[in-house]
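Peer 1: Okay, here's what each chain looks like letter by letter:
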Amino acid sequence: MHISSTAAQAFRFEQLSKSTLNNQQNSVPKSTEFAVGSATDKKQQAAALKDNQVANDLAGQASKSLAINEQAVALFEQSKQSQSSQTQFSATSQDKPSAHNETAVASYQTIGNLAQRESVQQLLGVDLFA
Amino acid sequence: MSKFSVEHTSHKSSNLWQRYQFFILLIAAVIFRQLPLVSIPFNWLESYFHEISHGIAALLTGGKVVSIQLFANGAGLCTTQGGSRFAISFFGYAGATLWGWGIYKLSTAHHRYAQGFLMVILALLLSSIIFWGRDILTWFILAMLMAVFLVTLKVKKTHYLQKLMQLFGLLILLNSLSSPINLLDGRHIGDGAALASATFMPEIFWVLTWFIIALLALYSLYKQQK
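From first to last, the protein sequence lines stand for chains A and B.
Its first residue numbered 0, the first sequence is counted upward by one per residue in numbering that gives the first Met the number 0.
Its first residue numbered 0, the second sequence is counted upward by one per residue in numbering that gives the first Met the number 0.
Simulated from the structure, these hints should not be mistaken for laboratory data.
Check each hint, because a few of them may be wrong.
So the derived label-pair ranges between C-beta atoms look like this [stated by the list, open to error]: (1) A:E76 x B:G185: 54 to 62 Å; (2) B:T60 x A:Q108: 31 to 39 Å; (3) A:A98 x B:A108: 48 to 56 Å.
Computed from the model, here is a short list of chain A residues facing chain B with C-beta under 8 Å [to be verified]: (4) G124; (5) V125; (6) D126; (7) L127; (8) F128; (9) A129.
Because the structure is a prediction, the values reported are computed rather than measured.
For each residue, glycine too, the CB sits at the ideal point set by N, CA and C.
Make the full structure from the sequences, and use the hints.
Peer 2: Structure, rendered in structure tokens:
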């Protein structure tokens, strides 16, 4: 219960950060185009440089948020793995043979052991008395 | 209550005890065998005397005992080499009957003789640990049986020593009486099946033989008590 809610939060967080990153990516090419188009004007160059700096800062922030996202993804995968292992465990307990079947297997093995016992008796020349 | 009436009542109860002590002990043995935890060491006791009888028969007929294994549930296994297979198979149940009968019978002998017999049993248990036990569980069970007999040996009062030995004897005899019946399970395994294969007499014949021997032993003890 707790794990699934954490996973949902992480998923929501991932979606949010993706949309932020798209917005930032859209804004960065605009500024670059502007800088290339007016390279001769110093003021414009300075403005373009400032814009670039801002764009870089935003990209850095985006990459930071991506790093947090990776952690969230790792957590999400971890919780998924634990959930799958729990499912496997419950499947194993379902596959456990019933007491009746276990008795049947034990009886079958006893017969096998008796045959084995006879072969050992013949091999070693000993007699077994129960 | 006057002194006379108290004496009269105690005399009456001791008379009742003397008259019916065989049956009282027999009922006590039956109850002990039914009790879940208390019955465990007695099961080991019965199992040990069964397996050691196989072993003694092997030794007496020129064979040797390779190992004796005892299990927690009261089962046992004796591995022998050489000797008469017939005698070894037969003396599992018959020997246990003899042990039970002997322990009961010797309990009524002199205190010294009873103690001497207990010493023989202790020596047998010790040699079983040293020479024939091969696993920890068997050693543990044999050690527990030794402890039971050591405690019995320490009993100073002849009366209590006798009663304890009689109870042990009856427990072993009861096991000899009931255990052979378990062989009639249609699986053709165990001492009865081994004897049936060796003699061409059916398994039920041997089971009945052991049953009758145990009954005769019980009857002999009852007659002795009378």
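Peer 1: For every hint, state whether the structure bears it out.
Peer 2: Do the hints match the structure? See the list:
Judged by the Cβ atoms, the range 54 to 62 Å given for A:E76 and B:G185 holds: they are separated by roughly 59 Å. For the pair B:T60 and A:Q108, the beta carbons lie near 33 Å from each other, so the given range of 31 to 39 Å is met. The given range of 48 to 56 Å is respected by A:A98 and B:A108, whose C-beta atoms sit roughly 51 Å from each other. Annotation: interface hint on A:G124 holds; nearest CB of chain B at approximately 6 Å, less than 8 Å.
Taking 8 Å as the C-beta cut-off, the interface hint given for A:V125 holds, the closest approach to chain B being about 5 Å. Annotation: interface hint on A:D126 holds; nearest CB of chain B at approximately 5 Å, less than 8 Å. Interface restraint check: A:L127 against chain B, minimum CB-CB distance 5 Å, threshold 8 Å, status holds. This hint holds: A:F128 has a C-beta 4 Å from the nearest C-beta of chain B, less than the 8 Å allowed.
About 6 Å separates the beta-carbon of A:A129 from the nearest beta-carbon of chain B, less than 8 Å, and the hint is met.
Violated hints are absent here; each numbered hint is respected by the structure.
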